[in-house]
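Student: Put together the whole structure using the sequences plus the hints.
Number of protein chains: 2
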Amino acid sequence: MSFLEQSFSVKFEYKIYFAKSLFDISNPTLANFFKESQTSVVRKIFFVLDQGVADAHPGLVSSIQAYFDQYQEIQLIQEIMVIPGGEASKNDITLFDRLVEAVDRFGIDRHSYIAAIGGGAVLDLVGYAAAVSHRGIKHIRIPTTVLSQNDSGIGVKNGINYKGKKNFLGTFSPPAAVFNDDQFLLTLADRDWRSGISEAVKVALIKDPAFFSWIEEHATQLVARDLDTMNYLIARCAALHLNHIASADPFEMGSARPLDFGHWSAHKLEQLSNFNVLHGEAVAMGIALDSAYSFMTGLLSEEKLLRILHVLLHLSFDISNPLIQISDPESPILHGLKEFQEHLGGKLTITLLTDLGTGKEVHEMDHQMLIQASHYVSDFTSKAAVLPL
Amino acid sequence: MSFLEQSFSVKFEYKIYFAKSLFDISNPTLANFFKESQTSVVRKIFFVLDQGVADAHPGLVSSIQAYFDQYQEIQLIQEIMVIPGGEASKNDITLFDRLVEAVDRFGIDRHSYIAAIGGGAVLDLVGYAAAVSHRGIKHIRIPTTVLSQNDSGIGVKNGINYKGKKNFLGTFSPPAAVFNDDQFLLTLADRDWRSGISEAVKVALIKDPAFFSWIEEHATQLVARDLDTMNYLIARCAALHLNHIASADPFEMGSARPLDFGHWSAHKLEQLSNFNVLHGEAVAMGIALDSAYSFMTGLLSEEKLLRILHVLLHLSFDISNPLIQISDPESPILHGLKEFQEHLGGKLTITLLTDLGTGKEVHEMDHQMLIQASHYVSDFTSKAAVLPL
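So the protein sequences, as listed, match chains A and B.
Residue numbers in the first sequence follow the UniProt record's numbering, run continuously in steps of one, and reach 389 at the last position.
Residue numbers in the second sequence follow the UniProt record's numbering, run continuously in steps of one, and reach 389 at the last position.
Note that these hints are calculated values from the structure, not bench results.
Note that the structure is predicted; figures quoted are calculated from it, not measured.
Glycine residues also receive a C-beta, built at the ideal position from the N, C-alpha and C atoms.
Fair warning: there could be bad hints in the mix.
With the Cβ distance kept under 8 Å, some of the chain A side facing chain B (calculated, not the full set) [said to hold, decoys possible]:
| # | residue |
| --- | --- |
| 1 | Phe8 |
| 2 | Lys11 |
| 3 | Asp104 |
| 4 | Gly170 |
| 5 | Phe172 |
| 6 | Arg236 |
| 7 | Ala238 |
| 8 | Ser378 |
Tutor: Structure, rendered in structure tokens:
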């Protein structure tokens with residue numbers, strides 16, 4: 001038996017730009033990006049826009065057209081496609097088909113771009129269509145929610161759902177660039193503004209104790225929608241996510257998934273709520289549960305657990321929502337453990353906490369101790385309701 | 001304006017094993033591969049089989065089942081899916097849907113494998129389904145034709161067609177491993193045996209003059225279906241392709257495509273013939289045309305051109321097929337230039353020859369000189385028909 005061996009590395013690089021009013025003609029950020037990457041070929045850009053963003057920003061389509069009239073570095077496809085946002089858009093295969101059909105109709109090639117403006121679901125869907133068209137068209141993400149600006153929109157994953165299975169089809173495909181425009185945050189509903197903060201709490205808890213303290217100190221301003229405070233939170237959270245992706249296993253060839261702290265129950269809870277509970281809200285509940293479990297198993301001190309629960313309540317998260325409560329080994333949320341294990345492929349890997357800022361991987365969770373952890377969170381919430389925070 | 005910068009490299013490694021009778025219980029090659037990559041998780045393997053291969057090897061399905069009964073390193077999904085082969089399978093989106101549905105039904109996760117046994121089209125289709133399921137299931141390729149064993153099956157591309165556009169949907173996704181079993185070659189039709197040799201001529205002409213001389217010296221044995229000679233040709237051709245992929249631009253982020261020597265006309269010719277002309281046959285015609293063009297433009301000596309045309313005729317290629325003849329600037333094959341340019345994205349890049357073993361990129365082709373090149377090939381073929389080779 002003989003063999004040949006193939007081995008190579010592929011380098012991926014992209015920037016996350018922080019901007020205000022990206023399509024204001026006085027803002028050259030986007031135009032400069034295309035100027036710097038100028039080549040001799042004719043390049044086109046095709047925009048896809050989240051319906052929710054289009055509704056909140058009625059002048060956006062004409063601003064985009066005016067912007068590219070002014071800056072001629074790239075040829076704008078005049079038709080801007082508006083598609084529904086939210087998780088439902090990832091269940092609708094006809095939206096994927098419409099995107100691929102547009103790539104064909106407008107002659108978008110591998111030197112050209114599809115830009116998506118919207119929440120995480122629209123970015124996931126458009127990113128997937130871009131990744132498989134012509135084996136990969138350049139993709140620009142313009143995330144418009146806190147969650148997508150600090151987490152999903154800046155990473156390397158895309159995907160759509162299949163038969164109700166989240167992200168069953170997708171790829172690991174780094175974007176060409178990400179542009180975080182804080183003006184989109186101003187029109188978010190309060191729930192959307194707040195829910196994305198939980199991913200910052202999560203990454204602080206597993207990576208950065210100083211950032212956790214900063215969140216504690218700024219919880220009031222965050223809830224009061226102070227934009228500068230939110231911009232700092234997003235930038236720090238994005239940097240921690242980017243560092244993690246680059247330093248670990250960008251395309252997740254192994255099993256470890258530390259960034260999924262609190263997520264095994266969150267994924268299940270979103271589904272149990274028919275996606276009425278937002279991803280970020282579910283993650284906050286999952287963080288509370290797994291932090292309490294870390295205390296129950298002796299990994300984390302009670303004092304530190306209490307700081308975590310306090311900050312989550314301070315940020316107005318409903319951490320004792322009935323759907324996440326575990327009263328017995330048949331509680332529906334526990335099915336999330338098995339589904340998470342299947343998603344990872346065979347071996348369960350759960351991140352717990354040993355300190356604020358330090359995660360630890362375990363490979364099983366005890367149902368009785370999960371029940372105790374769930375009770376602890378509920379008791380804490382009941383007491384906090386009658387005491388000052 | 002501020003920004004964060006993301007930068008990381010991803011390493012890809014896989015082996016191409018050369019084997020005889022892969023599913024013979026006395027052959028541990030495949031079992032050893034799974035033994036070496038053993039982990040603690042339960043892994044499954046799901047086989048997809050080209051109908052043409054199943055017909056030529058009626059015992060194959062039961063051999064696979066018996067093999068994995070014997071070697072228990074991995075759990076065989078007992079249902080083996082047989083799908084039609086050839087280019088038509090890449091046009092049929094329902095085949096892609098059936099594959100994804102099977103991944104779901106059999107619970108194939110990211111630690112499990114889909115293996116495809118067949119010609120290039122089946123490998124492309126199954127490779128694409130594997131690449132996008134769960135953001136990438138491990139994929140094993142078992143190519144059964146000369147062309148797929150020496151070229152398409154050992155590389156990193158997959159894809160399906162869309163609205164008649166070749167490989168419109170696809171990804172760059174290295175396989176987990178490739179197993180070239182020479183026993184599959186024995187049942188190939190003569191045309192399939194011979195047509196894959198043209199990719200070896202191509203890669204020899206742009207990379208390896210000694211290999212070109214070897215092909216000249218062994219053309220008689222190759223046409224006479226000597227298996228050892230073919231095995232050498234496949235191994236050398238595969239090694240040259242692998243080296244090229246690893247040393248250049250594996251995921252084709254730039255525009256250069258030297259391995260596409262002779263291919264601009266070949267792609268168009270396949271389509272003009274309704275795929276009655278095989279890919280390898282079309283490539284042989286494309287090599288003849290672009291070699292003659294290299295002579296017409298003064299890049300290549302006539303003596304070297306004649307050696308190329310001789311070896312192609314010796315290998316029984318129909319290099320003056322009417323479909324590739326260019327009699328005037330309206331000849332249909334010339335549309336292939338524009339389509340190739342669109343496929344690359346804007347800038348035309350064509351590889352020509354300056355010597356046997358040395359390519360050179362140019363960015364335009366002169367229609368009048370292409371007409372002369374086409375006439376030269378036709379005249380040569382007419383003369384060769386009445387003279388000894």
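Student: Next step is simple, just say for each hint if it's right about the structure.
Tutor: Evaluation of the provided hints:
1. Phe8: Holds. Min distance 4 Å.
2. Lys11: At 5 Å from the nearest chain B Cβ, A/Lys11 passes the 8 Å test, so the hint holds.
3. Asp104: With a minimum Cβ separation of about 6 Å from chain B (threshold 8 Å), the hint on A/Asp104 holds.
4. Gly170: 5 Å, holds
5. Phe172: Holds. Min distance 6 Å.
6. Arg236: 10 Å, violated
7. Ala238: 6 Å, holds
8. Ser378: 34 Å, violated
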